[in-house]
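Two chains, two frames, a set of hints: combine them into the complex.
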Amino acid sequence: MLAREVRDGEQGRAVEVESGVERFDLTERLVHWTTGILLVSLLVTGTILYVPSLMLSVGHRATIVNIHVITGLALVAPIVIGLLGRRRGALVADVRRLDRWSKSDFAYFRRKVGVATEAGKFNGGQKLAAALFAGGILAMLLSGIVMRWSPPFPNDWARGATLVHDTIYLVLFVLTIGHILVAVSRPVQLRSMFTGRVPADWALRHPTDPTPLRRSARREEGAAAGRSPASG
Amino acid sequence: MPTTADPNRVTHVGRRTVLGLLGVGVAGIAVGAQVDGAVGGVLTKVSSSLGGLGALLPGADNFRIYTVTGTIPTVDAASYRLVVDGMVERPLSLGLDDLRIRLPRTKLVHYFQCVTGWRVPDVHWEGVRLSAVLDAAGVRKGATALRFFSGDGEYTESLTLSQARLPNVLVADRMIGDDVTPDHGGPVRLYVAPMYGYKSIKWLDRIEVTDRIVPGYWENGGYPVNAWIGG
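Line order of the protein sequences matches chains A and B. Okay, so the first sequence: first residue is 1 according to our numbering, each after it adds one. Okay, so the second sequence: first residue is 233 according to our numbering, each after it adds one.
Because the hints were derived from the structure by calculation, they are not lab data. It is possible that part of the hints are untrue.
To be verified - If the Cβ cut is set under 10 Å, some of the chain B residues that face chain A in the computed set are:
hint, residue
1, VAL258
2, PHE381
3, ASP384
4, PRO456
5, TRP460
Even glycine gets a Cβ: it sits at the ideal position worked out from N, Cα and C.
Same shape as in the complex, but just chain B (with noise of 0.2 Å):
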């Protein structure tokens, strides 16, 4: 080692790697959607080539399943009902030949936004416009609001009467290209394009029609009830 320089010479990388650090985090903060959007298709790629240790790379666009409860609830789709009560001229109970046979279909290609900042691009869902289901029961007067609760007995969501009738709001029994996993939510969940994950709630089982919003689970714990995306 040559001592030719003053080898007691001091400096503070310490701070700086700290500092750097903080400035990547804020940086990433700033522009990490946009990376996020270049780089996630071809880290798709590359997470799926990695089979199951795929999933643990950031940047690419797979769904994290998240559930509330300590299961995944398994619902046998020959015998799935899906309750429609509360401010309706006909209660309905229906099962998913009515869904795929007797109600209108819709495709729609549309992002999944988690709250959280994870997104995944140009997820298929197939199913029956809400608002269809809705005008099969019949709202009767007086009624603004829905109440949607979940198989697995925790997971309540809301939305309004007139959020709930978007034409990208589904009763969704399809999703890439396949029938709605247990993961996902299936048999049957619900998909409102334009809000954030949470009101896309899984394993949906019975739609109330009400008078109030009652905020649902994920709202309670502090997130917003209009859950519009970037709103």
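Chain A on its own, in the form it takes in the complex (with noise of 0.2 Å):
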């Protein structure tokens, strides 16, 4: 479908250029919004909990914790609807598109020219963040929850679990505050984010899945465009 109309693009392109190509559908732009609004309050409530100066300030320690904790069990669900609601085909896609590496996804970090172009919709850095913070998320929903409910869990577990937590939340704001910036230094993927859609002939440039390498041509093409991220 949606090379179909990268096709039609290069043959009526002035029209395609105002409508652009639709890079995320209305589901995985909920999925993320929703996502990201409930992580970033989590890093709030969080950092209040951790900073021992901010929590001094704000105090109300019980009611920041159960914020925090309401926000937590929270942030999995948009994902979870969406992967199992009946809009799910575009999200599917993208989330096999982030399992998958390919040679180009590690070459990304090797900084090496020439395969680059053949990353698809996502580049290696793209598919590690998001790794990261899918694995991320999950041990933090983990520890959180043995935290809270630290008895009837050993203690043991608690002391672990906040271990867990306290550095997972150091990874995961890091890399919260790195994605923002990113995004906010790339206007045309940023703005697929909120309008679900690329300019056509952006999308010609950074095709949705890698076409199979062949060397001679594909070298030449990459060395032209360098590194440049292929993604939305």
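Rendered as structure tokens:
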């Protein structure tokens, strides 16, 4: 479907530039923004609970703990609902894309030119970020549950869970700030997460799925395009 | 980039990373306490060398300061009073001098364990055994429990009389080698060594002797009334 639209774009370019090409459907955008808002609010309440001087100036620990716990349990709801819902097609396809690493994704980190444009919709950096977010959130959910309901869990579990929760908090904090900074620096991709669409000519240069690698032509094109991020 | 191998070969790095992180999380929960105990001391040294930022280091043996209201109560030590009333022969109103001079002093070294999982080892505590305070007031027949009130106006706690009479339950006015600071619940707080930290009510200003347990602030929030550590 998307490939078809891109091909149409080659022929009727002027029209296609106006309307653009869909990159993220409504389900994906809803999942992205609800998860994002919940995650940022968790980082805010988590930071208040974690940083002593903030805790002291804000106070009301029990209230903030309750907000944090409820938001935390809600955090996984959007993606679960999205993956189980009827309009899950595009979301499932993108989760599969994020899971599958090809050579070009590893090359992305070695800053090798020549294969990066073969990345498809997501480059290696985005795939790594997505995996860290997903794994980190699951580990946070697990350790958070042990912390909140520590009795009846053994106290040693709560101690371990605190260590895990605190450490991954720092990782997710840096990751989220990084994600926002990179997004803000890429206007086309950022807009696509609001509107769902990218300009057709941009889509042509950043195909959704990697075309199978063949030596000569690809290398040439890759060298010209450099290591430009291939995503929306 | 050599293209001799199949350049289109796909590996499920995403799935492995997610499962790997989840595995690290599970392992951390399982053995984190031992890791925490082993590296906590070192991390505490690193943490204190980092100044203010040191408090952000996971795993360091630092106190985390909690308050359930919007402020930290600041109480003037000279005018501080601890009221002991309810089912007692002689209702008391004790000043800091009463705790420091007229009642028998006790010291103990014991960790502080928060129910959510952080622990500060080898904390020095000093004060008067709660049992000595109760003896000074004289508990009337039929009394079975205590209710504790905090100067913050919100925080309350409870103990049974037999829990309260344990030798490692203190009305503490000194900890970590100094007067108890406002952040730690000074000038006077409770320290219940065998139980989770929320039992050690801060800014203690009243002890009421009752004939039944009235669950305290965190207990109303779902935590156990009998907060034995590890039990």
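How the hints compare with the structure:
1. VAL258: holds (7 Å)
2. PHE381: violated (17 Å)
3. ASP384: At about 9 Å, which falls below the 10 Å cut-off, the nearest Cβ of chain A leaves the hint on ASP384/B intact, so it holds.
4. PRO456: With a closest approach of 5 Å, the PRO456/B hint holds.
5. TRP460: holds (9 Å)
When the structure is compared with the earlier hints, a violation turns up for hint 2 alone.
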